[in-house]
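Colleague: With chain Z's structure known, arrange chain E with the ligands on it following the hints.
The lines below spell out each chain.
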Amino acid sequence: MKRTIRFTVNGNVAEVEVLPHWNLLRVLREELWLTGAKQGCGEGECGACTVLVDGAPVNACIYPVLEVEGKNVLTIEGLMGEDGRLHPLQEAFLEKAGVQCGFCTPGMIMSAKALLDMNPDPTEAEIRHAIAGNMCRCTGYVQIVESIRRAAELLAGDGSSGKE
Amino acid sequence: MRTFEYLKPTSLKEALELLERYGEKAKLVAGGTDVMVLWKKRAISPEYLISLRNVPELNFVAYDGGLKIGAATPLRTIELSPEIREHFPVITDAVSNLGSVQVRNSGTMGGNICNAAPSADSAPPMLVLGAKVAISGPDGERSVPITEFFRGPSKTVVGPREIVTHFSVPRPQPNTGAAYWKHTRRKAMDLPILGVACLISFQDDMKTCSAASIALGVAAPTPMRAYKAEAFLAGKIIDEATLDEAGAIAASEGSPRTTIRGSAWYRTEMIRVLVKRTGMMCRDRAKGAAGR
Ligand SMILES: Cc1cc2nc3c(=O)[nH]c(=O)nc-3n(C[C@H](O)[C@H](O)[C@H](O)COP(=O)(O)OP(=O)(O)OC[C@H]3O[C@@H](n4cnc5c(N)ncnc54)[C@H](O)[C@@H]3O)c2cc1C
Ligand code: FES
Ligand code: FES
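Residue numbers (this note's numbering), protein chains in the order written: chain Z, 1 to 164; chain E, 1 to 292.
Just so you know, not all the hints are guaranteed correct.
[What the hints assert, rightly or not] Straight-line C-alpha distance at most 27 angstroms; calculated DSSO-like pairs for lysine-lysine:
hint : chain 1 : residue 1 : chain 2 : residue 2
1    : Z       : 2         : E       : 40
2    : E       : 25        : E       : 155
3    : E       : 155       : E       : 68
4    : E       : 287       : E       : 236
5    : E       : 40        : E       : 8
6    : E       : 8         : E       : 25
7    : Z       : 2         : E       : 155
8    : E       : 68        : E       : 13
9    : E       : 27        : E       : 155
10   : E       : 155       : E       : 8
11   : E       : 27        : E       : 8
12   : E       : 27        : E       : 13
13   : E       : 40        : E       : 155
14   : E       : 155       : E       : 13
15   : Z       : 2         : E       : 41
16   : E       : 228       : E       : 155
17   : E       : 27        : Z       : 71
18   : E       : 40        : E       : 27
19   : E       : 8         : Z       : 2
20   : E       : 8         : Z       : 71
21   : E       : 27        : Z       : 2
22   : E       : 25        : E       : 13
23   : E       : 68        : E       : 27
24   : Z       : 71        : E       : 40
25   : E       : 13        : Z       : 71
26   : E       : 207       : E       : 236
27   : E       : 41        : E       : 155
No lab work stands behind these hints: they were computed from the structure.
Bound conformation, chain E alone:
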């Protein structure tokens, strides 16, 4: 019979010990919205599943100007967090349309990021926010910038004996706005055809860009930053024409493919459109934040 042993550690220490003991035979599972589907489709057949649902150290949201999100925090908790909605709406943009309420009640940000799909909706916001990924293993803790976390589709820097514990987002610069746009045929449920996140910090005139970051999902084998477009925006007055140019540069940095959801040509065009759209949202949000 095809089955597995399902282990429910109640501390991070215990989870790491189980991972150490069962090694290659074990797989971590948080919400299981990727893992259980893959198991049912017979794409994976681990002997042991190590559940992270009951590990309290991995389930929290902490705001103190900066933000920490436990890796096994359900996406629904993140979606409903008033602090995240107020101070990091770019995260709310992404998680509130990731799957359905049902998927978000089980699914976690750690699972979304560690699954490392090019389409992972929470990746572009974390990329523009400059998040760091905290990882625990037998030799202690390390912290990896999320820009260095992805290694390819379904590939990350996490070792076989390691567990991602949380994501840390630094306190944003003053006069900053950020936004994520998921481009799909339906708003929820569908994986994005393209995902674009943009973050812009303004000088005190609220017009001139002091620093920008742009991240693209489904534009390359992994979620990516568009560094050239970011450099182009620094020092410029932010308006539609400038953002359009930045969008064209960002599109040239990606290497989108043709898939069932959209052609490479279409994705390239949409990068331009969405960089402009999210850039204008950044301006509005930065003004809103400054007005508070």
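If we strip away everything but chain Z, and leave its shape as in the complex, we get:
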């Protein structure tokens, strides 16, 4: 039986009719048309579906949608600034070639966002630990780590950050 739930997505209140077994990724992509988060494995292994729930990265593909009721969800679409400006993380991924095919990028950036929110000046080891749950099939990990380091510098420099 369908139920209506309310939660916040990228700063806006969403009201959606859902079936109890739906996962958050399905609702984001197929009900709200937020197709930034990707479906890879569908089993928590690859991290392509990573979004933040109340600031914490989760695998949306196995996150029961009924658990987001009343919570705050941030997806890659929500990182864009008011005037359409890219978030420093997005800038850094472009500058340092952290994007190849781009499939892992939204999830990678959301994991990186959660890391930098908690630890604005991470070491390489800390970055690798934070993105251990995000696979890049193009295997551009070196550039991805450099991109996240660069984003940390950009954020420290101009102090701007994405809207919550």
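Modeller: The following block gives chain E with the ligands in isolation, referenced to the frame of chain Z:
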């Protein structure tokens, strides 16, 4: 259509009532990192899922010399707890490399232990720490030593109307160090090929072992203690040679199998190596703790 009803109790009492009402048709779900994957793979099809995420009594970390961890506390909270890192680093060793940050933000220690995989990373540390599992049911509460909790792969002593509420770890003896080593091809994400936890309490000379406990994951159908190796270490001076011998005894107590992740022969060899490694870490950590 294949679906389920998803119930969100907000107290332990309500969760127990729902379990009582729906019985066999219901399954508990905490973080769902095992349950939701099994549901998607069609390995389970419960009519009701009873979520423990919104039950505050199950979500806490309390330190007062000893330690209590609520069963539905996310592993990430446990990983980041400064008190656990300082006083029970053996737990931090295990949870900080369990799955990914994403898995740990949802996954819980209760789910990891109740799922009862031989590879459950949080089991060996809780086994060496002598943890007790608190279980609530229609007839009240009971407490089971974790050494008696596992009954086989995916089997525990928890009854169909019961919920694990928390784990209690007693205050460690003075001069004690403990460590867990997860042996994998990658550090995070992979299930362990082998997991070894060791805890050693020293006499005041900080060399002689007064008591030891050793636990092995993926060495038998359930996580297990290596009691003979522990008894061997009691009273001995702890050095690499002694630990090597203890490791050989521990290896003979396990019954590792050959699986896709590693052969029985390899696992047996690695038990020796890792008992030595974690034993030496115990010594360093006990000294560190004594120096504070
Ligand atoms: C990508 C990925 C990587 C993983 N890596 C690891 C790893 O490295 N090491 C490892 O050990 N595990 C790993 N796991 C397995 C899993 O994440 C852990 O076992 C996790 O701790 C399970 O917790 P949960 O809260 O999600 O459990 P759930 O899926 O919610 O529940 C698991 C089982 O426990 C029962 N249960 C849960 N809570 C209670 C309770 N309070 N009382 C009674 N029964 C209860 C449920 O009914 C179910 O049978 C991984 C999983 C994924 C998807
Ligand atoms: S699609 Fe969710 S982790 Fe792979
Ligand atoms: S850029 Fe292609 S998967 Fe990472």
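Colleague: Hint by hint, say whether it matches the structure.
Modeller: Status of the hints after comparison with the structure:
{"no.": "1", "hint": "2(Z) x 40(E)", "in the structure": "holds (19 angstroms)"}
{"no.": "2", "hint": "25(E) x 155(E)", "in the structure": "holds (18 angstroms)"}
{"no.": "3", "hint": "155(E) x 68(E)", "in the structure": "holds (23 angstroms)"}
{"no.": "4", "hint": "287(E) x 236(E)", "in the structure": "holds (17 angstroms)"}
{"no.": "5", "hint": "40(E) x 8(E)", "in the structure": "holds (20 angstroms)"}
{"no.": "6", "hint": "8(E) x 25(E)", "in the structure": "holds (16 angstroms)"}
{"no.": "7", "hint": "2(Z) x 155(E)", "in the structure": "violated (34 angstroms)"}
{"no.": "8", "hint": "68(E) x 13(E)", "in the structure": "holds (20 angstroms)"}
{"no.": "9", "hint": "27(E) x 155(E)", "in the structure": "holds (14 angstroms)"}
{"no.": "10", "hint": "155(E) x 8(E)", "in the structure": "holds (25 angstroms)"}
{"no.": "11", "hint": "27(E) x 8(E)", "in the structure": "holds (12 angstroms)"}
{"no.": "12", "hint": "27(E) x 13(E)", "in the structure": "holds (16 angstroms)"}
{"no.": "13", "hint": "40(E) x 155(E)", "in the structure": "holds (21 angstroms)"}
{"no.": "14", "hint": "155(E) x 13(E)", "in the structure": "holds (24 angstroms)"}
{"no.": "15", "hint": "2(Z) x 41(E)", "in the structure": "holds (23 angstroms)"}
{"no.": "16", "hint": "228(E) x 155(E)", "in the structure": "holds (25 angstroms)"}
{"no.": "17", "hint": "27(E) x 71(Z)", "in the structure": "holds (24 angstroms)"}
{"no.": "18", "hint": "40(E) x 27(E)", "in the structure": "holds (15 angstroms)"}
{"no.": "19", "hint": "8(E) x 2(Z)", "in the structure": "holds (16 angstroms)"}
{"no.": "20", "hint": "8(E) x 71(Z)", "in the structure": "holds (15 angstroms)"}
{"no.": "21", "hint": "27(E) x 2(Z)", "in the structure": "holds (21 angstroms)"}
{"no.": "22", "hint": "25(E) x 13(E)", "in the structure": "holds (19 angstroms)"}
{"no.": "23", "hint": "68(E) x 27(E)", "in the structure": "holds (25 angstroms)"}
{"no.": "24", "hint": "71(Z) x 40(E)", "in the structure": "holds (24 angstroms)"}
{"no.": "25", "hint": "13(E) x 71(Z)", "in the structure": "holds (24 angstroms)"}
{"no.": "26", "hint": "207(E) x 236(E)", "in the structure": "holds (8 angstroms)"}
{"no.": "27", "hint": "41(E) x 155(E)", "in the structure": "holds (20 angstroms)"}
Hint violations for this structure: number 7 only, all remaining hints satisfied.
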